[in-house]
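Starting from the known structure of chain H, fit chain Z onto it as the hints suggest.
Here is what each chain is made of, one letter per residue.
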Amino acid sequence: MSDLNKLTIAEARDALKKGDVTSVELTQACLTAIDGADALGAFVHKTPEIALERAATADERIKSGDAPAMCGIPVGIKDLFCTKGVASQAASNILEGFKPEYESTVSGKLADAGAVMLGKLNMDEFAMGSSNETSAYGNAVNPWKVDDRNLTPGGSSGGSASAVAADLCLAATGTDTGGSIRQPAALTGTVGIKPTYGRCSRWGIIAFASSLDQAGPMTKTVRDAAIMLEAMSGHDEKDSTSADLAVPNFEAMLTGDIRGKVIGIPREYRVDGMSDEIEALWQTGRKMLEAVGGLLRRLLQPRPPCARADQARLRRGVRARSGCDPDASDPRRGLWSWVHGGCRPGRDVSSGRVHRDREPRRSAGYLGACRARQAGTAARTATHRQTLGRGRSAEYRLCAGTGRGFCFQAGKMVVERRDVSP
Amino acid sequence: MSIDKDTARKVAHLARIRVEEDALPALAEEFNNILGFIEQLNEVNVDGIEPMTSVTPMRLKRRADVVTEGDQADKILKNAPDAREGFFAVPKVVE
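Top to bottom, those sequences are chains H and Z. The opening position of the first sequence corresponds to residue 14 in the numbering used here, with each subsequent residue numbered one higher. The opening position of the second sequence corresponds to residue 190 in the numbering used here, with each subsequent residue numbered one higher.
Next comes chain Z alone, as it looks inside the complex:
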């Protein structure tokens, strides 16, 4: 499989990233490089090899489903560019 200029344009559009027309061939090439890496990995014979996800012999920790730290609205909003009445304020996105 290979990514052409049109596919690169489409991917950029779907990701809502503006890519100038003359930058598309380079972008397509970079996508193809990534696919090339995946091809290389597909060539590896992994028959009989046990998957390894971690070297640390532990299960993911769980905790009780309770509120541990609350009542911090002021702190949470401290870095917001715009906050009103205890909420983040953002530009209107839906008419």
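Looking at chain H on its own, in the form it has when it is part of the complex:
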């Protein structure tokens, strides 16, 4: 088999089970791809020794017949997750040299399921950013490109999105407080889910806003997201807010049948100044939902600017509270940059970004009228140059006008792929 790193989790799982491939081979393929893709800035701490050791163990486990779905699957872990004995610094110099003596619950669950950690992934510093340009490691780069410019993979889980999109790993963990999984997934044409709050334990994940943070999978397909989320989910005594509910078999729910489901289309999601490109993707998404039997219903959402304001206020408030910093007097590090990093989402909001509502209302069903909404994740394209303040700018592009992740992947734009060879 060639290009093993390009397999999906589901394909790799089946091939491992049949004995067509070993986890060590899969892992080697990923490690080679990682070494050839330093230009992407995705993997910031590589752990090849740990990876090969875990892969060998996984192979034995598969041989013995005791193998959960994630066994032997090479994954990347966002730098926000504490990993025992491996640098975990939330892309900040403040935590430089920190090697936790413990493992986060989510990365531990993946390890227990036999997943192979390839290394740690780039992100915005302390997850505060939407373009992976505030990282102490430098920018992460989107493997997709339309010309010779480097484009952002989004953020804060930018390294995770970039790595998955470039086939450096089969999947990666991300975390999402106000879009940090969903937006980078959209900008790289990958699949990301922010689970309902409480589904995954937050223990061992460096906190941003504790009442909003959730870990989630970032994968190549919806099926993979279902498989990986199941391995990440579950109640944890160490996180009292984690939900004490049974974890369903998410993969078994992927019937592809949404006939008769009512899907709300909030009118306000179409923002002023939205480009024709995005508008076309949006309409394509609608048609795809209709074609498979979804019942679309227009929603009038009360005062979306307030929802945006709500989100910005919440994040800033919680962020300000969590700002304890040993070196606040240095304007290049510490609280000063936190304060200013914290103001950028506010600018995004006023410039008319498609608004992302708070997760609880989403999963509870909007106004009782529907269980899913069509939601664009980003309203920018490569031709939009957004000035991010402090003289920096970023190119945003949209390659996935996502619909509801559970149902389908919509509207991936056809663009050239960046050559990630050295």
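Treat the hints as calculated values from the structure; they're not laboratory data. Check the hints yourself; a few may be wrong.
[To be verified] Here are the simulated lysine-lysine pairs, BS3-like style, with alpha carbons at most 27 angstroms apart:
| # | chain 1 | residue 1 | chain 2 | residue 2 |
| --- | --- | --- | --- | --- |
| 1 | Z | Lys264 | H | Lys112 |
| 2 | Z | Lys267 | H | Lys97 |
| 3 | H | Lys59 | Z | Lys267 |
| 4 | Z | Lys264 | H | Lys97 |
| 5 | Z | Lys264 | H | Lys251 |
| 6 | H | Lys251 | H | Lys112 |
| 7 | H | Lys76 | H | Lys31 |
| 8 | Z | Lys264 | H | Lys59 |
| 9 | H | Lys19 | H | Lys31 |
| 10 | H | Lys251 | Z | Lys250 |
| 11 | H | Lys158 | H | Lys59 |
| 12 | H | Lys59 | H | Lys97 |
| 13 | H | Lys19 | H | Lys158 |
| 14 | Z | Lys281 | Z | Lys267 |
| 15 | H | Lys112 | Z | Lys267 |
| 16 | H | Lys300 | H | Lys274 |
| 17 | H | Lys59 | H | Lys19 |
| 18 | H | Lys251 | Z | Lys267 |
| 19 | H | Lys112 | H | Lys59 |
| 20 | H | Lys19 | H | Lys76 |
Structure of chain Z alone, referenced to chain H:
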């Protein structure tokens, strides 16, 4: 209510964050943006709307008040820049 340059300077001082004089107007503006968001929220009519704090029907978990994991001083101090005799060592702050 609006935050002026002097108030921004005072807030920065109270937070013990050094802000250069020429950066104060921008900081004041950002504070005002935040207040603007709160104003917008105050305009929403929430009469008769039941507050929602969670979608998960569960009470916060409680546990017995007992030591579960102890005797880990070495591990806890492992990442300390300076540790002596089983304690974190920090620069003297009170004369």
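Tested hints:
1. Distance restraint check for Lys264(Z) and Lys112(H): the Cα-Cα separation of roughly 11 angstroms lies within the 27 angstroms cut-off, and the hinted pair is therefore satisfied.
2. Proximity of Lys267(Z) to Lys97(H) is assessed by CA-CA distance (about 12 angstroms); at most 27 angstroms being required, the pair is judged to hold.
3. The straight-line distance between the Cα atoms of Lys59(H) and Lys267(Z) is roughly 22 angstroms, inside the 27 angstroms bound, and the hint therefore holds.
4. Taken as a hint, the Lys264(Z) and Lys97(H) pair is honoured in the structure, with Cα atoms around 11 angstroms apart against an allowance of 27 angstroms.
5. Of the supplied pair hints, the one linking Lys264(Z) and Lys251(H) holds, its CA atoms being roughly 18 angstroms apart against a limit of 27 angstroms.
6. Under the criterion of a C-alpha separation no larger than 27 angstroms, the hint pairing Lys251(H) with Lys112(H) is consistent with the structure, at around 20 angstroms.
7. With a C-alpha separation of about 10 angstroms, the suggested pair Lys76(H) and Lys31(H) falls inside the 27 angstroms cut-off, and the hint holds.
8. For the suggested pair Lys264(Z) and Lys59(H), the alpha carbons sit about 24 angstroms apart, so the restraint of at most 27 angstroms is met.
9. As the CA atoms of Lys19(H) and Lys31(H) are separated by approximately 18 angstroms, the hinted pair is consistent with the 27 angstroms bound.
10. Between the alpha carbons of Lys251(H) and Lys250(Z) the distance comes to roughly 10 angstroms, so the proposed pair stays at or under 27 angstroms and holds.
11. Between Lys158(H) and Lys59(H) the alpha-carbon distance is near 25 angstroms, which keeps this suggested pair within the 27 angstroms criterion.
12. Straight-line distance between C-alpha atoms of Lys59(H) and Lys97(H) comes to about 14 angstroms, which keeps the hinted pair within the 27 angstroms bound.
13. Straight-line distance between C-alpha atoms of Lys19(H) and Lys158(H) comes to about 19 angstroms, which keeps the hinted pair within the 27 angstroms bound.
14. For the hint linking Lys281(Z) to Lys267(Z), the alpha-carbon distance of about 21 angstroms falls within 27 angstroms, and the restraint holds.
15. This hinted pair checks out: Lys112(H) and Lys267(Z) have alpha carbons roughly 9 angstroms apart, not beyond 27 angstroms.
16. For a cut-off of 27 angstroms, the pair hint linking Lys300(H) to Lys274(H) stands: about 14 angstroms separates their Cα positions.
17. Straight-line distance between C-alpha atoms of Lys59(H) and Lys19(H) comes to about 19 angstroms, which keeps the hinted pair within the 27 angstroms bound.
18. Annotation: proposed proximity of Lys251(H) to Lys267(Z) holds, straight-line Cα distance about 21 angstroms (limit 27 angstroms).
19. At most 27 angstroms may separate the alpha-carbon atoms for a hinted pair to count; Lys112(H) and Lys59(H) meet this at roughly 14 angstroms.
20. At most 27 angstroms may separate the alpha-carbon atoms for a hinted pair to count; Lys19(H) and Lys76(H) meet this at roughly 23 angstroms.
Checked against the numbered hints above, the structure violates none of them.
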